[in-house]
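Engineer: Position chains P, U, X, Y and W against the provided structure of chain D, taking the given hints into account.
Number of protein chains: 6
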Amino acid sequence: MLGAGLDFSGGMRGAAFGPRALRANDVYLPSVTVGLPHAHTRVDALEELVICDYGDVAVDFESTHRSIEPVRGLVREVAETGAIPFIVGGDHALMYPDAAALADVYGKGKVGIIHFDAHYDAARFGLGHHLTHGTPVRKLIEQGHVSGNNFVQVGLRGYMPDDEDLAWMRDQGFRYHFMAEVEKKGWAHVMERAISEAAEGTDYLFVSLDIDVIDPAYAPGTGTPEPNGLTPRELFPLLRRLGAETNLVGVELVELNPLVDPTYVTPLVANRCAREILTGIAMRKKGITEPHYLHPDAIDHGQT
Amino acid sequence: MLGAGLDFSGGMRGAAFGPRALRANDVYLPSVTVGLPHAHTRVDALEELVICDYGDVAVDFESTHRSIEPVRGLVREVAETGAIPFIVGGDHALMYPDAAALADVYGKGKVGIIHFDAHYDAARFGLGHHLTHGTPVRKLIEQGHVSGNNFVQVGLRGYMPDDEDLAWMRDQGFRYHFMAEVEKKGWAHVMERAISEAAEGTDYLFVSLDIDVIDPAYAPGTGTPEPNGLTPRELFPLLRRLGAETNLVGVELVELNPLVDPTYVTPLVANRCAREILTGIAMRKKGITEPHYLHPDAIDHGQT
Amino acid sequence: MLGAGLDFSGGMRGAAFGPRALRANDVYLPSVTVGLPHAHTRVDALEELVICDYGDVAVDFESTHRSIEPVRGLVREVAETGAIPFIVGGDHALMYPDAAALADVYGKGKVGIIHFDAHYDAARFGLGHHLTHGTPVRKLIEQGHVSGNNFVQVGLRGYMPDDEDLAWMRDQGFRYHFMAEVEKKGWAHVMERAISEAAEGTDYLFVSLDIDVIDPAYAPGTGTPEPNGLTPRELFPLLRRLGAETNLVGVELVELNPLVDPTYVTPLVANRCAREILTGIAMRKKGITEPHYLHPDAIDHGQT
Amino acid sequence: MLGAGLDFSGGMRGAAFGPRALRANDVYLPSVTVGLPHAHTRVDALEELVICDYGDVAVDFESTHRSIEPVRGLVREVAETGAIPFIVGGDHALMYPDAAALADVYGKGKVGIIHFDAHYDAARFGLGHHLTHGTPVRKLIEQGHVSGNNFVQVGLRGYMPDDEDLAWMRDQGFRYHFMAEVEKKGWAHVMERAISEAAEGTDYLFVSLDIDVIDPAYAPGTGTPEPNGLTPRELFPLLRRLGAETNLVGVELVELNPLVDPTYVTPLVANRCAREILTGIAMRKKGITEPHYLHPDAIDHGQT
Amino acid sequence: MLGAGLDFSGGMRGAAFGPRALRANDVYLPSVTVGLPHAHTRVDALEELVICDYGDVAVDFESTHRSIEPVRGLVREVAETGAIPFIVGGDHALMYPDAAALADVYGKGKVGIIHFDAHYDAARFGLGHHLTHGTPVRKLIEQGHVSGNNFVQVGLRGYMPDDEDLAWMRDQGFRYHFMAEVEKKGWAHVMERAISEAAEGTDYLFVSLDIDVIDPAYAPGTGTPEPNGLTPRELFPLLRRLGAETNLVGVELVELNPLVDPTYVTPLVANRCAREILTGIAMRKKGITEPHYLHPDAIDHGQT
Amino acid sequence: MLGAGLDFSGGMRGAAFGPRALRANDVYLPSVTVGLPHAHTRVDALEELVICDYGDVAVDFESTHRSIEPVRGLVREVAETGAIPFIVGGDHALMYPDAAALADVYGKGKVGIIHFDAHYDAARFGLGHHLTHGTPVRKLIEQGHVSGNNFVQVGLRGYMPDDEDLAWMRDQGFRYHFMAEVEKKGWAHVMERAISEAAEGTDYLFVSLDIDVIDPAYAPGTGTPEPNGLTPRELFPLLRRLGAETNLVGVELVELNPLVDPTYVTPLVANRCAREILTGIAMRKKGITEPHYLHPDAIDHGQT
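If you read the protein sequences in the order shown, they are chains D, P, U, X, Y and W. For the first sequence, our numbering begins at 3 and goes up steadily by one. For the second sequence, our numbering begins at 3 and goes up steadily by one. For the third sequence, our numbering begins at 3 and goes up steadily by one. For the fourth sequence, our numbering begins at 3 and goes up steadily by one. For the fifth sequence, our numbering begins at 3 and goes up steadily by one. For the sixth sequence, our numbering begins at 3 and goes up steadily by one.
Extracted from the complex, chain D is given alone in its bound form:
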């Protein structure tokens, strides 16, 4: 795990505290989850995997621009060892150095991205800057680090993109899943499509998880909240399956802002998002790739 406290969100600031909040999750909550298996898959990620906290990147707290290289360098350093970097933001501008670092290691265009977010983050510019928390997607595509048709977006909603940006996304071959698809066709449909798209045509996958993809009732601690988001019940299985069914080479969890959540809820949900991904990766290591895996012991004994 790498902390990277970029904090230039256009909305309510505080994302710089994301890494601390995730690490401190157990400050006010019991540590009952340590060393125990995931309930229904019976997989214990903390036992199966070797997990290491790599500290915080020395970001420049005044400049996204000057923070890019330190982040990119450290993520590359981790990835080059064969480990899976798990970056905790910080704002979403991180997607640019994070994914570029993976391209440095695995090759340009070799790594696909599945991008969970309420927002498309592919704007032409943001408040006078080319690289902000609203623009990393475009920069990654334009520089060839990622191909548009290996870009899968889930959870878009609200009032964007403008027509020009949407046309550009279509031209690049993006696969995007607005919440309208969930409303209309149900989550099962969207989850299956996202999994198959994420797995196809790329050798490696990077998961970019903006906590605001979740509905603000479940995760109010974020800078640019948007109602009508995903619920944990929808998101958790998909996160688990991405770990189990695809070749993950990196994860980022961004825009967690504890300052605007007066409860403990958002850091807890973020912690569980991370645990679900880790559980999936451990499943893959154990050879479990069945999409809806339920360990036999987790099935009601009385049913048979």
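Watch out, some of these pointers could steer you wrong.
Copies of the same chain are indistinguishable here, so a pair counts whether it falls within one copy or spans any two.
[As the list claims (entries may be wrong)] Taking lysine-lysine and the DSBU-like style, the derived pairs with C-alpha atoms no more than 35 Å apart in a straight line are: (1) K110 to K287; (2) K141 to K110; (3) K187 to K288; (4) K186 to K112; (5) K187 to K287.
Hints are computed from structural coordinates only; laboratory data are not their basis.
Structural biologist: Quick look at chains P, U, X, Y and W alone, frame taken from chain D:
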């Protein structure tokens, strides 16, 4: 938009701050939604429609009774221009002057009402008064402003009405949809019924939206919360469709009480409710009336 | 109603305030629900049933061990009159004296339990003690108060049990429903199974409701919250049906901790959980046992 | 104690919950103070005095005007028995019926008032009404219930009164102590003056305590807060001395609004204000009238 | 009034919302203070002065460096008209462009500064940058905009500066008043010294008010809080006197961060700080320069 | 530093989180205080002293009784090395094992105690137990670990002790300073007396600091708050002087409960209390014992 800060709710007071909270929605939240299209319909209500803030009605902060005429007069003034008054409360007693004003303009019995609420608001009396936030429906029917069979209620739950009031509602021909219908038959069923009932038999429609129809997990900032309410995912499409498929001549959004919500969430959800209705009205203006409209560009490019 | 303020949760303490918070529910909320029927069943539990507040048990605020006998004695005292004790916790260690008292009155192995919880609470030990909020289930089984195959668990999730405890649960014949079953097969399926399992093979039923079975977005006020829980829409009908379709002889509602919820929401939801169970019991008294009972008057008048 | 939940403050509403909050003070706080003596006077008011909770007045929740007579009648009823009515508001319009009732019993002009408040509450009118939470003082004087030179005000600050109202106050012979006097001459000076003015020239005294006289750092739960107020250390001795050194015939504690205080602090401070007054009354009953009474046992034993 | 939302505090971010919070102060609070005189001076600043809201500076939300010139330019533009710019931050790096702009207009070394702050803000560098919220003082001195012996600091406390920075401050001739002086000699002493130092030796004065000079009990909404600060009762008279007794040519109010204050208190206190300064300026305009001015009408009528 | 999370307060529970909250103080606050000198004494405790975090005692979370020996053993272990144990609670029952351990090492009756608290904590019993957070003082005296005339109490207030307990305290020769003394004679007087009493007649001193000695406006995060407490400005110099002027052999800081403080304020104030004591100890080590020491460099340069 008209503000009307009546604040005589029997529950936790503070609804007088509703109009300020809705206007101030962008005080702490980014204004990313201004001038951009609704994500999946690609309709930009702020561009299609002419929207005007008409200020606040001079309500009497000590008397619902004396506030009726100022509200009714101002709503009538707006409606007479052919504009759609959008009244932001304030407590739900507003429904009486709001709907009566529309009857003044469009004719008695000509305007139907679709009423979103956890409560039926048709009590015989409330704490010794004939017109309170719990009684406007009865007064509207008794005075002939609205016909009972043009009254559609969605979201009723909790512990009411008493048998006498329910019998009266049935005698008037109300169509009501308790949350039990949603639990039992699903939201899709209730939404289709509500839309068809709202459209039938009236020339014009008034939408009365009490924010407490939404579950308190999503919108805790209201005076008489009741668990087991609608989610934004359920409500938003119906609001959009009411704008697009019916002949809306007025809207009220009431019982938003920012004092009892320690987060930013309720004003944000109220803002989005308003945006969804406006988007629907703009869709109608553009000739889009398909119930589940999804712009072709908002469909996953990679699907074909 | 009996209050029992045990407060030894491993997580965030404060459960001792549960009884006060439930009783004080109307301190800040309107009492509109008093003396009115349940909306769609039209059953008024407060009128049908004789309800009596029996005060608080004199628990030892320093010792679960020394609190057992006072709780067990008082619950037995109530149950011996033929009344249904409704215990409000307090932490979940209460399950041991509560269910043991019922076994004292109705006979060992005669009372089944339906146990709503995010956690299995059948650990071999907890922080060096045999009886804590995490172990009551095991003690009840080992002492023969309840048979394993009359133990139905709903809502398990997160990161537990360990393999040894799960094997023990299976050996005892537990019927458990992890949230994974809800995710995969839907709530309707799980609800029907739980109802049929709860009713089969036992003469009497005890409902043990840990408020953390509900998702923390809906009920954050609890000591060991776990995301991905039940919603009120799922839980309420099952609570109602347990009252109406089974032979309830006792209820406990535990782990309500108002100190960690900055809003009014958790006590309100707990109040409604209690009301739903009471409504179910009143339904049974009136002879209504139809699973999805909807009073004819609560059906949309306009539908016919 | 009488509750009177008027709630027409011009500011943040919620004062209607004042009586409930004061009564519920022990809901979340320990009851260690019951049946124990005041620390340094060694007087136990709960033992010396007969205290009776007289319930709530049936105020009209829509009209200050129609609430006057019920309040005045009930206060009169209590005062006629010779008891000291202690009214808990509710908004400050209560001062009119409260003090008028005392004049009814003790004679017009016979009862002086010491009035703790950030605001002067003697405006000519308030938002179109002659009797609001900002005008009761004027009405009492104009109707002759109280003489201006028996009116002592403590704690005025902020941005008022306008010149016309201030001139009227001077003409009536008011004695007022702006916070500027405290800033300039110190609290000891103001306290001595207030005590001597309160005691002089009237047979009886009524204490009207608006919780907003206290600085919002100490008591944020009120509708029209104003920084730079009194601290508990300043206010408590004066409250105690008013009980001990003057002939109190009534007390009101108003503008406690728990809805706008996210902590437990304001109801706790209000509880202690009441306790200090009661302690003073008990001191008087025991014959203790020394201004700075400190029981010998409360002096450091080691000092002699 | 100029808003300048720089937000690069090293602590909890959110200062960008300062201008909005100050402007929105009346969103949730009553506007009783508009158009009324200051209580005990009887001076109505809103009537005496011409006050104009000049909007927000277009700061670069990613760079203090690039925000300097826009701020400096706009402040200069205002000051050149002879008006007194009142800048609302935003973080304290603003002190550099704000004071430099005044030096541009009034001449280098002609404008003294009285600087209220818990921190000295004259560090050699801050997290790798020469201009941050912790360094503006040094840059102003080094570039000659302000002379060290015209720099008066009030409220320093906590754990700083290091010896090297303190030596530099002494070498420059700073006059600083640590809270220890207040503890030891009392506020009256410190206030008199600060006033006389601020007035001596400079033609013009700039007031730089960091809200964290106030104790966090009174103003928790700031990014780097430090206990043991000033109270409003101490600060308000000094602010008023600076307006009345010195030749003010500019004011800044910085580090107001509403995101970390769950109450309304900090924006309210900030609003009153501004009002006290404006009252002082209006006093000067009316010719009132008596240090402890108390209007005769504000003195207790009954005293004579 | 030793953490000891006892949590059996009679009031609002949560003190078990005290150690975590104090350690996590920098989670949301900047670490600007690390490695920098105390502002006006110019002493850097972190540099002068060797400070070591000794982890948490394995308390029994179900029993004060069984937690005594582990705490006493570990404190003794630390004290035997000659180090000064600094215990962070947890509830105040800790005073018994903490002070007894020091008596084990330094001899019975050799260690005096200065006890900061709103409550006297010398009750005969508490809710049926001889050792609770309200009784440790009595047990220490009765067992001869401490002599009554070496027991100095500061800050007592509210509604206690009862007459019997107060008589016992006097008989033991306690020196106690009720807040009434502060009200009447001023803090300077009480501080001088407390310092001289603490230093006289004992070889060693133990400081027992209950955070509730501070007023709840400054430190709301505690289980049994009592208004009218000390301010940081009063407490900090005394803490510093105890370190500098007496022979401290142990410190405990108890009853910090972050669960009931919705802001960051209480842990921050607790952190600063600890820092002031450490600064005092470092002053003593450097030979500075002047009561009101102010480093010459911290005096206003411009004054001479």
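Engineer: Please write out, lowest number first, the hints stated earlier that are contradicted by the structure.
Structural biologist: none
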